[in-house]
Amino acid sequence: MWKKLRLISLLSIVSLLLVSCGTELAPYDAKKPLGEQINYTITGIDAGAGIMLSTQNAIKAYKLDDYNWQLQTSSTAAMTSTLEKAIKDKRPIVVTGWTPHWMFTKFDLKFLDDPKNVYGDAEDIHTIVRKGLKKDMPSAYAVLDNFNWTPEEMSKVMLEVNDGADPEEAAKKWVKNNPDKVAEWTKGVQKVNGDKIKLTYVAWDSEIASTNVVAEVLRSVGYKPTIQAMEIQPMWASVATGAADGMVAAWLPNTAGVYYKDYKSDIEDLGINLKGAKVGLAVPTYMKNINSIEDLKNKRKKHFLFGGKCFFHFKFHEFVKLDWRISLF
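Heads up: the sequence shown is residues -26 to -1, 1 to 303, going by mature numbering (1 follows the signal peptide of the UniProt record, and there is no 0).
Among these hints, one or two may not hold up.
To be verified - Distance ranges between label pairs, derived from CB positions:
#: 1; residue 1: A(-1); residue 2: K161; range: 34 to 40 Å
#: 2; residue 1: D98; residue 2: S266; range: 45 to 51 Å
#: 3; residue 1: A(-1); residue 2: G138; range: 18 to 24 Å
#: 4; residue 1: K64; residue 2: K170; range: 24 to 30 Å
#: 5; residue 1: S266; residue 2: A(-1); range: 19 to 25 Å
#: 6; residue 1: K64; residue 2: Q207; range: 33 to 39 Å
#: 7; residue 1: T15; residue 2: T79; range: 22 to 28 Å
#: 8; residue 1: T259; residue 2: A51; range: 38 to 44 Å
#: 9; residue 1: K105; residue 2: K64; range: 50 to 56 Å
#: 10; residue 1: D154; residue 2: T15; range: 32 to 38 Å
Treat the hints as calculated values from the structure; they're not laboratory data.
We treat Cβ as the ideally placed atom computed from N, Cα and C, and that holds for glycine.
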C-alpha cells in the first residue's frame, strides 16, 4: 500500500511540474545546450523528400539519436512558417534547408557544417523527360533541353510567390521581364498550334517557380501545358510510364538519387537546368555558437521529457525505493 501511495505522490508532483511548464520557447540562450531549448527536434518537411532521408542518415552518422534528437515531419509551408515565427522572436530552431529557396533570401540563415559529408556536395537540378518526347513533340523537347537559369533568377520568382502572387502570374511577369533569357530557350523552336503537354513537379517553392516559368515559355510557342503537383516518387513514376511528358525538378545526385537509379532506364535525362543547389541543416545566424552538426550534441544525455517542451531530471527509482526505473526513451 505504501508503495502505491508514494507512487501517487510522485505522479502528483509530476502533474504540478507539467502545469508549470510553458509551451512557448524562450529566446535562444547560447549558454544552454541547444537540444533542451528546442525539444531535441529538427523541423523537417514532407516525409518522402530526399532531404528527410539524408537527415535521418545524419542523425545516425553523428549519433544524435544518443542525445534524443528526432526529425519532425511537416511540410515546406509549415516548416517555413515555424521558421519565420522563431526568427521573429529570436528563438532557437534547426530546419532542413536547401538553396535555391526564398527563405535564404528573406532570412539570415546559415548551413551547418557537415564534416562527415552526409548531405554530399552541392547538387544540380536536372530536366527529365519521357522516352519518345523528342519524336512526338520536338519543339517542347527543344525548349526543355535549352532551359537553364541561376539560383538568383529562380529566387525572384519564389519571392514573388511568397509575397502572395499567383505562381502563374509570377512566372508571366518573370518571362516578360527577361526576354533575352527566354530567347535563348526558344531559339530555332518552331511554333505549334495548341498541342497539349503535361509537366509534373514536387510542390517545393523552387519547383513551383521553375515549372510555372517553363509552362509559360511553352505557351509562348503555342503549347497548352498542364502542370500537376505530386509527391516525389509518383513524379518520377509518371514520367517513366509516360503519364507525364517531363519535369524540371530532379535534384541530383543526392536528393533524388534513389529515384534516378530506379527509373533511369525508362526516362531521358536532358541534363542540368540549375547548378549549385545545396541541402543540409540550417539555423538562424544569431545562433552564433552553432556552426556544425556536431554542435547539436549536448553535454548531458538521456534527459526525461514531459509536456512537449519541458525538461528536467530526477531519479525515479530512488524516489519510490523500487527496484525498477522508467525511461521515456
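So, going through the hints one by one against the coordinates:
1. A(-1) with K161: 34 to 40 Å: Hint violated: Cβ distance 57 Å, outside 34 to 40 Å.
2. D98 with S266: 45 to 51 Å: violated (25 Å)
3. A(-1) with G138: 18 to 24 Å: violated (31 Å)
4. K64 with K170: 24 to 30 Å: violated (50 Å)
5. S266 with A(-1): 19 to 25 Å: With Cβ atoms ~23 Å apart, the hint holds.
6. K64 with Q207: 33 to 39 Å: With Cβ atoms ~38 Å apart, the hint holds.
7. T15 with T79: 22 to 28 Å: Holds, since T15 and T79 (Cβ atoms, about 25 Å apart) stay within the stated range.
8. T259 with A51: 38 to 44 Å: violated (23 Å)
9. K105 with K64: 50 to 56 Å: holds (52 Å)
10. D154 with T15: 32 to 38 Å: violated (46 Å)
In this structure, the earlier hints numbered 1, 2, 3, 4, 8, 10 are contradicted, and the remaining ones agree with it.
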